[in-house]
Amino acid sequence: MEILKVKNVSVSYGKKIAIKNASFSLKDQEILGFIGADGAGKSSLLHAIAGVVSFDGEIIYKNYTYHSPKEAEKIKNEISLMPQGLGLVLYDFLSVKEHFDFFRDLRGLKKDEEYEKRLLKMAGLYEFQDRLAGNLSGGMRQKLSLILSLLARPKLLILDEPTTGVDPISRAELWDIVNEMREEGMSAIISTAYMSEASKMDRIMLFDEGEIIASGRADELIENIKDYTYEGEIESKECFSFNKRTYCLKPLNLKKATPTLEGVFFVNALKKGKKPIIFEIPKKQIDIPNIIVEAKCLTKKFGAFIADNCINLELKKGEILGLLGANGAGKTTLIKMLLGLYPIDEGELYLLGKRIKSYEDRIELKSKIGYVSQKFALYKDLTIRENLEYFAKMHGLNMSESSKKIKEYSQMLGFEEYMDNFPKEVPLGINQRFSVAAALLHEPVVLFLDEPTSGVDTVARSAFWKLIRKLKANMGISILITTHYMSEAEYCDRVAVLKRGVKIVDDKVENLHKKYPGLDFEDIFLNIYKEKQNK
Amino acid sequence: MKMSAILKKEFLVFFRNIGLVMFILYAFTLDIYIAGKGIKVTPRHVSIGYVNEADNLIVNKIISHFHSPQFKKPKLFLSEKALKNAIYNRKIMVGIVFSKEFVKNLISGKVAKLQVLIDSTAAAQAEVTLIYLQNILMNFEHKIKIPANIDIIKLFNPNSNTKWFMSLSELMSNITMLGLILIAVVFVREKENGTWDIMLLMPVKGSIIIFSKILSQVLILMVGITISVGLIIFGIFNTPINGSLFDFYLISFLFSFAIGGIALVIAAISKTILEVAHLTIVIMLPLIFLSGAWTPLSSMSPFIQFLSYFSPLRYYIQATQDIFFRGSGFVDLLPYFGAEFLMAVILFYIGYRKIGRLF
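Chains X and F supply the protein sequences, listed in that same order. So that you can map any letter, position 387 of the first sequence is 387 in our numbering, and since no number is skipped, the others follow by simple counting. So that you can map any letter, position 186 of the second sequence is 186 in our numbering, and since no number is skipped, the others follow by simple counting.
Calculated from the structure, these hints are not laboratory results. Using N, Cα and C, we set each Cβ at its ideal position, and we do this for glycine too. Don't take each hint at face value.
[As the list claims (entries may be wrong)] Restricting the straight-line Cα-Cα distance to at most 16 Å, the calculated cross-link-like pairs of lysine to aspartate or glutamate (EDC-like) are:
#1 K155/X <-> E180/X
#2 K466/X <-> E280/X
#3 K8/F <-> D381/X
#4 K466/X <-> E235/X
#5 K316/X <-> E294/X
#6 K472/X <-> E319/X
#7 K205/F <-> E360/X
#8 K375/X <-> D197/F
#9 K466/X <-> E319/X
#10 K317/X <-> E294/X
#11 K74/X <-> D92/X
#12 K155/X <-> E2/X
#13 K2/F <-> E401/X
#14 K316/X <-> E346/X
#15 K191/F <-> D381/X
#16 K380/X <-> E192/F
#17 K2/F <-> E386/X
#18 K205/F <-> D361/X
#19 K256/X <-> D287/X
#20 K317/X <-> D287/X
#21 K424/X <-> D38/X
#22 K532/X <-> D506/X
#23 K255/X <-> E233/X
#24 K16/X <-> E209/X
#25 K407/X <-> E280/X
#26 K8/F <-> E386/X
#27 K205/F <-> E364/X
#28 K155/X <-> E78/X
#29 K275/X <-> E238/X
#30 K470/X <-> D493/X
#31 K368/X <-> D287/X
#32 K375/X <-> E192/F
#33 K380/X <-> E425/X
[What the hints assert, rightly or not] Simulated coverage check for chain X against chain F, where a stretch passes if three residues somewhere in it have a Cβ under 8 Å from a Cβ of chain F:
#34 336-343
#35 364-375
#36 380-388
[To be verified] Output of the computed footprint for chain X on chain F, the stretches with three or more beta carbons under 8 Å from beta carbons of chain X:
#37 11-21
#38 254-265
Start from the sequences, fold in the hints, and give me the full structure.
Here it is, written out as C-alpha cells:
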C-alpha cells in the first residue's frame, strides 16, 4: 500500500531552482534513501514533504492531498522531520530528561512511560538522563534527536542527513533504531551523503543538480551500469576513473568489473556529456628533509574537556596522511595546533626538524604551510581573481610573480573561466580547487586540508583526489587531509584515526587491508572502533 | 605592500556591501539633516487657547504678543471647561485663563495671578513655551510699570539656531556609532565567514593586520565626515566655521582611534555581527550621555560630570563646538588634543591587548 505520493514537486528559492519536478511514491514500512551531494536538492524535497517550505506540485499523504505548508498542517502530527546538522534541535542547557518533557509538551502528547523508557534504552541514553545535551558526544546528540522525533510515534519519519559526521558505532545504532520502528509500521525517507548506506535502504533515489537521476533498488542501479564499468584506472578525456574502476560509455579493451553505486553518478555525468579534467602539473624537485612535521604528545584542553590527548603524529616527505574521525573527535583542534593557530598545552611540535616555540617561529611556520579550511572559507565579497591576488600579496609575492602564478594555477586546476566570478556563483567543486590554488601560491612544503570533500558531489570528489595525488607525485609536497568519509581512507598513503581526542589507529593503508582482508574501510573502522570500545 | 593589500581588500569588501554603504551614507547625510531640521527645542507653531473672563482690552494686548512662527493664532474659548477639553483632546497645547481678578490686580499694581494650562507630554516644548509666556508677560508688565527692559544677548549662536547645534551633535553621535560598528565588524566579519583562521595564517605580523584593518575603516569614516560636513553642515545648514577645518579633522582622526580601541574590545568578545550591534548600543549610549552632546555638562550632577572625563566623546564635542562656534585656535585647543590623544592611546592599548590575544 502506498502511504505517500509525490507528484511533480518543485522547490525554488528566488531564481534558484533547488529541485525540479520530483515524482515518486513511498510504500508502507518502506525505507527510501535520498543520495547526493550538498545542493543537489535532497533537503528541499524533504522539507516540502514535511510541509515546512512552499512548493509547486502535489503531495498526497494517505488520502489527504496538500499543496502548501498551510494545507500540510493537518497531517503534521503523523510526520516527523529531523533537520540536518548535529543535534541542531537540541538545547545545550537542558538535560536528556528535560528534552523529553519539553518535546512531549510541545507536541501535546500524553506521557507514555513504557515507550519513552524503550526509546531511551534503544539509544543507549537510559543511564544519561540527567546529563545536559551540551555535554553529550556528537553521536549521542544525534541519537537523542532521533528518539525525540520518534516521541510522537510518527507514521512517516523524515531524516535529513542523520549520519553525516557521526562515528561508525553511533551510525550503526541509528540505523538499528530506524529499523526497529519500521517493524512497527513506520515508513522513512532518509537522506545521506554516504553511498555505503544505500545497502541499508529498501530503495534509493540519486540526486544531482536538482534532479533525480536514478531510482530503484541499489543492486538494480548497479546492474544497469555494469556494461560501462571496467577494472583499473586510466587517464582519458572520455572516461572517469575512481576507486580502482573506470567508467566509460564507449567500449574499452579492459576487464569488466562489478560497479559501485558511485558509478551511477559517473555514468550519468558521461551521458550528460561531461568530461573529466586532466590536471597538468609540472614535475618539480624540492630539497627538504624526510620528516616534514613531527608532533610529540600534543595535548589541548578546553577547561576540563580534553580535545586532544597526547597525540604523536609524523608527516613524511611526499606522503598523503588521512586524519579520520567523527565530528568532535579532535581533528580540527589537532590541525589548528599543527598550524600554530592554537597554543599547545603540552607536547612539542617540529617543522622541518626545527622546534616551533616562539611567535616568530610560528610566522615562519605559516609561510611554509598551505591550508584549506572547512567549507573553503575565502572572501565571498571578492572575486576569485581578487582573492588570489590578495593571498599572493600577503605572502609577499610581487605583481609580476603573482599574476604569473595565478595564471599558471588557474590553468593547471581548470578554473580559468571563472576568475571574475564571486565564490558563491561557482560550483562547490570549483571553489574547492581555487581554495587549493590559494593555498599553493607561496609554494608550501606541506598542505593541510580540513574536510575538503565534505558535501562535494562524487564527480568533483574524484577529480579532487586525483589532483591531490598528482600534487604529491609531481610537486613532492606532503598532504595532511581530514575527512569524515571513512571510505576516503582508500586514497591516502597512511591513515590516523582519532576517537574522542585519542589516536586509535596509525597505519599504512595497505597494512590495514592485510589485517582486515576483504573489508572496505567503512567496515574496517567499525571493527576497530568496536575493538577499542571493548577494551 | 602587505598593508596596501589589506587596505584594498577591506575597501572592496566595504563597497560591495551595498546595504552597509547606503546605511553609512544615510547616517552621514539624511540623518544629520533630519536631526538638524526636526529636533526643535524652541517653540514652533504652538497652539494656544484662552478664556477671556475679564473681557478687557489688556487681554487682547497680551494675546497679540503670541504670534507666528512661535505660536499659532490664539483661539478664544468661552469657558474654562471648553479650554480644558481642548487640551485634553490635544486640540491645543497651551491654555491661558484671564480671570477678572487677574485684570483687576494687574491694573491696580497688585500681585496678579494668571492660570496657565499646559500639555506637558511634549516636555521640552512645554517648558520653553512657559518661559516665553513669562517673558511676554514680564515685558508687558515692565512696559506699563517700569521703563526698563531686559535685553538678552545670546552668545556664540546669536539666533539660537538649533539646527547648527543639533546637526553637529547628531554628527558626533553618528561618528561614535559608526566608528564602533565599522571597526568591530571588520574583524567580526572574518569570524562569521570562517575566514579568521585564514587571516591568522598569513605570514604577516598581527599588529600589521590589526592596524591596517582599523586604518581602512578610519579612512572610510573620514570620507563620511567630509561628505557630511560639506553637504549638510556647510551646504544646507550654512553653519559658519570660525576656527580651522584642519583642527577639526585632526581631532576627528584622534577620536576615531579612541573609538577604534573600544571597537577592538567589542570585536574581541563578539562572535557574530549581531553581537557587535548589541554591544555597540550598550557602550554607545553612556558614551553619548556622558559627553554633553544632548545635555550641557554644567547641568549634570558632579559625579556624572566626573565620569564624563572618561568619555572620549566629551573632548571631541567640546573641541568641535569650540572650533565651529567659538573660533578657538590651535593653541587654545591643545588641552582637548592632549586629552583626546591620551584617550586614544589608552583605549587603543586596551583594545589591542584584548584582540591581540586572538592572534
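Tested hints:
Pair hint K155/X plus E180/X holds up; C-alpha atoms about 13 Å apart against a cutoff of 16 Å. About 11 Å separates the Cα atoms of K466/X and E280/X, which keeps this hinted pair within 16 Å; it holds. For the suggested pair K8/F and D381/X, the alpha carbons sit about 12 Å apart, so the restraint of at most 16 Å is met. Taking the CA atoms of K466/X and E235/X, the gap is about 10 Å. The hint holds against a cut of 16 Å.
Under the criterion of a C-alpha separation no larger than 16 Å, the hint pairing K316/X with E294/X is consistent with the structure, at around 9 Å. Restraint check for K472/X and E319/X: satisfied, since their Cα atoms lie roughly 7 Å apart, inside the 16 Å limit. A threshold of 16 Å between alpha carbons decides the hint, and for K205/F with E360/X the separation of about 9 Å falls inside it, so the pair holds. Among the hinted pairs, K375/X with D197/F is consistent with the structure: their alpha-carbon atoms are about 12 Å apart, no more than 16 Å.
Pair hint K466/X plus E319/X holds up; C-alpha atoms about 14 Å apart against a cutoff of 16 Å. A distance of roughly 11 Å separates the Cα atoms of K317/X and E294/X; the hinted pair therefore holds under the 16 Å criterion. A distance of roughly 31 Å separates the Cα atoms of K74/X and D92/X; the hinted pair therefore is violated under the 16 Å criterion. Restraint check for K155/X and E2/X: satisfied, since their Cα atoms lie roughly 12 Å apart, inside the 16 Å limit.
Taking the CA atoms of K2/F and E401/X, the gap is near 15 Å; set against the 16 Å cutoff, the hint holds. In summary, the hint linking K316/X to E346/X is not supported, as the alpha carbons are separated by about 22 Å, beyond the 16 Å threshold. For the hint pairing K191/F with D381/X, the CA-to-CA distance comes to about 15 Å; that is within 16 Å, so the pair holds. Between K380/X and E192/F the CA atoms are separated by roughly 12 Å; this keeps the pair inside 16 Å, and the hint holds.
For the given pair, K2/F sits about 14 Å from E386/X by alpha-carbon distance, which is consistent with the 16 Å threshold. In summary, the hint linking K205/F to D361/X is supported, as the alpha carbons are separated by about 12 Å, within the 16 Å threshold. A C-alpha spacing of about 42 Å is found between K256/X and D287/X, which places the hinted pair above 16 Å, so the restraint is violated. Taking the CA atoms of K317/X and D287/X, the gap is about 10 Å. The hint holds against a cut of 16 Å.
A hinted pair counts as satisfied when its Cα atoms are at most 16 Å apart, and K424/X with D38/X qualifies at roughly 14 Å. Restraint check for K532/X and D506/X: the C-alpha separation of about 14 Å stays at or below 16 Å, so the hint holds. Annotation: proposed proximity of K255/X to E233/X holds, straight-line Cα distance about 11 Å (limit 16 Å). Between K16/X and E209/X, the direct Cα distance comes to roughly 11 Å. Compliance with the 16 Å bound is thereby established for this hinted pair.
A threshold of 16 Å between alpha carbons decides the hint, and for K407/X with E280/X the separation of about 13 Å falls inside it, so the pair holds. A distance of roughly 10 Å separates the Cα atoms of K8/F and E386/X; the hinted pair therefore holds under the 16 Å criterion. The suggested pairing of K205/F with E364/X holds, with an alpha-carbon distance near 11 Å, which does not exceed 16 Å. Annotation: proposed proximity of K155/X to E78/X holds, straight-line Cα distance about 5 Å (limit 16 Å).
A distance of roughly 6 Å separates the Cα atoms of K275/X and E238/X; the hinted pair therefore holds under the 16 Å criterion. Note on K470/X and D493/X: the hinted pairing holds, with a Cα-Cα distance of about 13 Å set against a maximum of 16 Å. Only pairs whose Cα atoms come within 16 Å are accepted, and K368/X paired with D287/X is accepted, the gap being roughly 13 Å. Proposed proximity of K375/X and E192/F is supported: the alpha carbons are some 13 Å apart, at most 16 Å.
Distance restraint check for K380/X and E425/X: the Cα-Cα separation of roughly 10 Å lies within the 16 Å cut-off, and the hinted pair is therefore satisfied. With 3 residues bearing a CB less than 8 Å from a CB of chain F, the stretch 336-343 of chain X meets the requirement of three and the coverage assertion stands. Restraint check on the stretch 364-375 of chain X versus chain F: 8 residues with Cβ-Cβ distances below 8 Å, three needed, restraint holds. Against chain F, the stretch 380-388 of chain X contributes 4 residues with a C-beta closer than 8 Å to a partner C-beta. That satisfies the three-residue criterion, and the hint holds.
Check result for the stretch 11-21 of chain F against chain X: holds, 4 residues qualifying (beta carbon to beta carbon below 8 Å, three or more required). Chain X is given as covering the stretch 254-265 of chain F, and this is violated because 0 residues of the stretch bring a CB closer than 8 Å to a CB of that chain, at least three being needed.
Checked against the numbered hints above, the structure violates hints 11, 14, 19 and 38; every other hint is satisfied.
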